[in-house]
Amino acid sequence: MDTCSYCTKEDSDKLLWVQCSMCPQWVHVLCIPLKHVQESNGTIAKEYPKTSNEITHFQCDAHDKDAILVKRATKRKSSSVEAPPKRRRGLRNKQQIDYIALNEGDDKKLKKVHPHVEAFCKCFEKWQNEKNVIDAQTLDKDFLQLHEPLKVSDPQNTGIRIPRPQELGLTKDDRVLTVDDITQVLGEDCPVDVMDVQSQQNERWTMSQWNQYFTKTQPEERDRIRNVISLEISHVNRFKIFRPTVVEANDLVNVVWDAFGNGDPKPKVTRYVLMSAGNSYTDFHLDFAGTSVYYNLVAGKKKFILFPPTKHNLETYTQWCQDLNQTLIFLGDLLEEGVAMELNAGDLFMLPSGWIHAVYTPADSIIIGGNFLTIRDIETQLKVVHVERLTRVPKRFTFPMFDLVMGKTCEWALSLGAQKKNKLTPKALEALERYMKLHDTKYRPLEYPSKRSMIKKLHELSEYCSS
Numbered sequence: 490m491d492t493c494s495y496c497t498k499e500d501s502d503k504l505l506w507v508q509c510s511m512c513p514q515w516v517h518v519l520c521i522p523l524k525h526v527q528e529s530n531g532t533i534a535k536e537y538p539k540t541s542n543e544i545t546h547f548q549c550d551a552h553d554k555d556a557i558l559v560k561r562a563t564k565r566k567s568s569s570v571e572a573p574p575k576r577r578r579g580l581r582n583k584q585q586i587d588y589i590a591l592n593e594g595d596d597k598k599l600k601k602v603h604p605h606v607e608a609f610c611k612c613f614e615k616w617q618n619e620k621n622v623i624d625a626q627t628l629d630k631d632f633l634q635l636h637e638p639l640k641v642s643d644p645q646n647t648g649i650r651i652p653r654p655q656e657l658g659l660t661k662d663d664r665v666l667t668v669d670d671i672t673q674v675l676g677e678d679c680p681v682d683v684m685d686v687q688s689q690q691n692e693r694w695t696m697s698q699w700n701q702y703f704t705k706t707q708p709e710e711r712d713r714i715r716n717v718i719s720l721e722i723s724h725v726n727r728f729k730i731f732r733p734t735v736v737e738a739n740d741l742v743n744v745v746w747d748a749f750g751n752g753d754p755k756p757k758v759t760r761y762v763l764m765s766a767g768n769s770y771t772d773f774h775l776d777f778a779g780t781s782v783y784y785n786l787v788a789g790k791k792k793f794i795l796f797p798p799t800k801h802n803l804e805t806y807t808q809w810c811q812d813l814n815q816t817l818i819f820l821g822d823l824l825e826e827g828v829a830m831e832l833n834a835g836d837l838f839m840l841p842s843g844w845i846h847a848v849y850t851p852a853d854s855i856i857i858g859g860n861f862l863t864i865r866d867i868e869t870q871l872k873v874v875h876v877e878r879l880t881r882v883p884k885r886f887t888f889p890m891f892d893l894v895m896g897k898t899c900e901w902a903l904s905l906g907a908q909k910k911n912k913l914t915p916k917a918l919e920a921l922e923r924y925m926k927l928h929d930t931k932y933r934p935l936e937y938p939s940k941r942s943m944i945k946k947l948h949e950l951s952e953y954c955s956s
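Residue numbering for the sequence shown follows the working numbering, beginning at 490 and increasing consecutively.
Simulated from the structure, these hints should not be mistaken for lab results. Any given hint might turn out to be false.
In the SDA-like style, the derived pairs of lysine to any residue whose C-alpha atoms are separated by at most 25 Å in a straight line are [said to hold, decoys possible]:
#, residue 1, residue 2
1, 912, 901
2, 611, 901
3, 940, 878
Construct the complete structure from the given sequences, taking the supplied hints into account.
See the structure below:
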């Protein structure tokens, strides 16, 4: 909200503004009672901050507490100030980062650009990669040995299939999918979480509202840059998406549910529609539980910067998530061994487990993609879950029913024993054993009297395979 909640005025471009870290409310800094302005050490300030550099955090009085604005101890050169991180959805949904934009002097509040885009573009040039390309046949054959981001040169041979508007009965023309088409299929009242790119926070809209914004409003007339990254549609029978065959074959849920499904529903993470306005930016994140991702760009353009899950990178990422000044820091400058790739309409991109990544959208884009766990990446996936717990990612932004999937994976592995078709390595078995031993890991086995007895058998199998 761009009207000050204290004076109810929205003009004052000459005044310093600040946005609440908990909601979209903006206020004039000088309208906040001075008794609610604190120095960094917690004492009441004697004067108001004069520039954005002097502010570290603001929370308005709409959250069951008095308003509070915290001043910064030391000055930094910056045109924006950010608050301690909340949690947000990663691809679907990992942690929430709240960017506080300030209006200082004659500068307008940043509605058309994210403060990290310039740094992103410089980082992209540093790590730009055009060599990570693979054909569908090699992808299928070598999947278990592939651990880097890859663009597929012939996506038409991967088995992926996305319905076209003509097949859906929406038009007689043979053209690509649009947001208007998606709205007609899902229904105008279908709820959708829409992210404000500047604040990285979600609002609940309907598809009708989103279509009005995306399709019927010219980019230069849009109020803000907005992004939809968490609309899962696997339940929509009319919109039947076929995933790449290599994904279907290696999806851990598919593998273990065949034998140990027991009628339990599968996690709904397999088919998403992503719709991004031009100039959208999603800051660095890990896909929940270190899932791998298939990513088919239907229309538009995307730029990715990705970093592998090395010890240094995961530790640096964890520290960044826990830093009170997190959103002042462009993480890409601190990580190593980057890969930057540009995607165009028609491209199919395979993102492996545990890669930390940020995404920039140069032009309006539509993407069909999905997440999947694999046997190949058990160790990495469990490392990422550990990072999620350290950084306190809310449960609703984590992989659904993850403990259930891991428990069924243990029973599946035990049912195969030391057979060659059991692809779990001794290290993966040890990682599973450690995870299942955690007090917070909940699972009721199907074929063992208790979790403890199942873990004992898993330990025996791990020792046998290691010998």
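Of the hints stated earlier, which fail here?
2
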